[in-house]
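Based on these hints, arrange chain S on the given structure of chain C.
Respectively, the protein sequence lines represent chains C and S.
Mapping of the first sequence onto the numbering used here: position 168 corresponds to residue 168, and the numbering continues sequentially without gaps.
Mapping of the second sequence onto the numbering used here: position 102 corresponds to residue 102, and the numbering continues sequentially without gaps.
Derived from the structure by calculation, the hints contain no laboratory data.
Heads up, the beta-carbon is just placed ideally off N, CA and C, and yes, glycines get one too.
Each hint should be verified, as a subset may be incorrect.
Label pairs and their in silico Cβ distance ranges [what the hints assert, rightly or not]:
#, chain 1, residue 1, chain 2, residue 2, range
1, S, Arg86, C, Val101, 46 to 52 angstroms
2, C, Leu23, S, Tyr32, 48 to 54 angstroms
3, S, Arg86, C, Ala19, 56 to 62 angstroms
What the simulated footprint calls covered on chain S by chain C, stretch by stretch (three residues with Cβ under 8 angstroms from a Cβ of chain C suffice, anywhere in the stretch; the number is not a length) [as the list claims (entries may be wrong)]:
#, segment
4, 86-99
5, 148-155
6, 166-173
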Amino acid sequence: MTTANEAERQEAGPPVKDAEGRLPALVMLAGTLISLSGLAWDIGWHTDVGPDSFFTLPHLFVYSGGAIAGLTSLVMVLRATSAQRRGVEPDPAVGGRAFKVLGVFAAPIGYLIGGIAAASFLVYGLWDEWWHGLYGFDVTIASPPHQGWLNSICMTIMGAVIVFAAAREHRWGRYGFMTALAAFGSYFTITSSALGDINLDSQINWDGIAWVVIPIACVLLGARVLPRGGAVGTGLLNLVVNLVIWNFGNWAVVWYADVQHLALRDFSELGFPVERLILPTAVFVFSVVVELLLRWRDATVWLLGLYGGVGAVVIMWWVTAQFGGGHGPYGDDSSSGLVLTCVAAGVLGALIGMAIWRLGYAMRLANTRRIDASDVAVAA
Amino acid sequence: MTVVGRVIALVCAVLALSIGVAPSAAADPLDYVVHTEHVQVGPYPMTVGFTVWPIRAMQSLDFTFAPDGGIADKSGTVTQIAPDGRSDTDRLSRHPRNRSVWGLDVHSLDASGTWTLRFEIDGSHGAGTGELTIDVLKQPGPPLPLSWAIGLIPLALALGFYVAVWVRTGSPNKRR
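Isolated chain C, as found in the complex (with noise of 0.2 angstroms):
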């Protein structure tokens, strides 16, 4: 279609085994769904009902999860340093390109920004359990540790997205990229929550823009990767899993509380989670304009910035004007908070929609056979 792409089909190795690297990706993003869960359980659980220690069943997904994405990519850098060793040259459509670390390793680009990642998530996470010893329970997504760990484990779950992007060639790879970053787009909206607990003093609603500014980047860099199906297909696992995710969580909430018989708070939303399925609804709505508009005239990195600024803009204010004017993400719905608000939100979309331009080939570079990407240039 392009020259980049030849030049992409040139670089990429020869065709691999559809099973070759499916068990592990597919394993690594069974992690980072397990994590989501549990952190949407935990949210209904201190929302709810409120009682805590680190030994609760949300906890025990959250981390769980997190090991499980985190020894997977352990155990691939392990088996490609290991193949390496015997004079195979890793696949890079497992994992993405092979890097060498610290001189021995062969590190799958994907895993090792999992792994390393997934280890840094376990550190913040004791370093969490310290700081409820110090501070108590009372739980807030702004505290040091949490955006340690949130920060990490969303850096995890992008791994799982390059080593999905890297087997984009088969049916589950495409499918798999698309659900991670979906999980991705959701982990790191929540982990951006912090922004709404800062006293930032200022009438642009920080929190609400990165709300939507997130899952818009998303289904933007699936267009940008996928370039058939996968803006759409972004936007709607966005919405699929956020619609099981909550709906578990406040399942869960109720039958965990019934299991250690503690009654719920007072004033208590247990039902159908409307309000945290209204932006992935809207995100949809976005992703199908995206995916006509883009088959319609190819992704240029202008047309990105575009798509991503004026989606940006008309997410925010229909969020605000609709549901905006108390708590929450939805902010404040004065009008010149929400023109400021608007603004903000319009800039940085159409910021990240131009960078995605660049670093989503980057990630289509992903399963290329060149060890330095400095490489690129020469070939430039």
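What follows is chain S alone, placed relative to chain C:
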């Protein structure tokens, strides 16, 4: 025992611990109140209990609000006013682990200084307002800027990773 058997046993132990341990944090807060204050909310005398005293910024505790005569025929709000004037109003709700009193459970005040709890209660004797001031000591633990510097390392590394990828990939438009 095989390795698989040991893993299964470990998972079962953690599951049992997860299901069994949480109630230790679920005790009746009135059993752990270590300090009380009295506040007159219009016609309603009320006892405010604290499970930790003195209070330190960001350190969580349970608050209990017990008006004389019980809460059955009353409703109202509690407004937390921070030293810098920020305020947050919530409906008075029953404490989840003792439904005979109102309360805030596992809750912290996020800044040191003098906080005000303003109560508005409506009941059979009409409506009333009362305030209680609380001195909150400095937060425990290491300085917050240091903690945040450590906590944001993963985010900084993530941004660094994206920048490195951006720079090393080069422009897609220039590729031939």
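Comparing the hints with the structure gives:
| no. | hint | result |
| --- | --- | --- |
| 1 | S:Arg86 x C:Val101: 46 to 52 angstroms | holds, 47 angstroms |
| 2 | C:Leu23 x S:Tyr32: 48 to 54 angstroms | holds, 50 angstroms |
| 3 | S:Arg86 x C:Ala19: 56 to 62 angstroms | holds, 57 angstroms |
| 4 | 86-99 | holds (count 7) |
| 5 | 148-155 | holds (count 7) |
| 6 | 166-173 | holds (count 7) |
Violation of the numbered hints given earlier is absent; every hint is satisfied by the structure.
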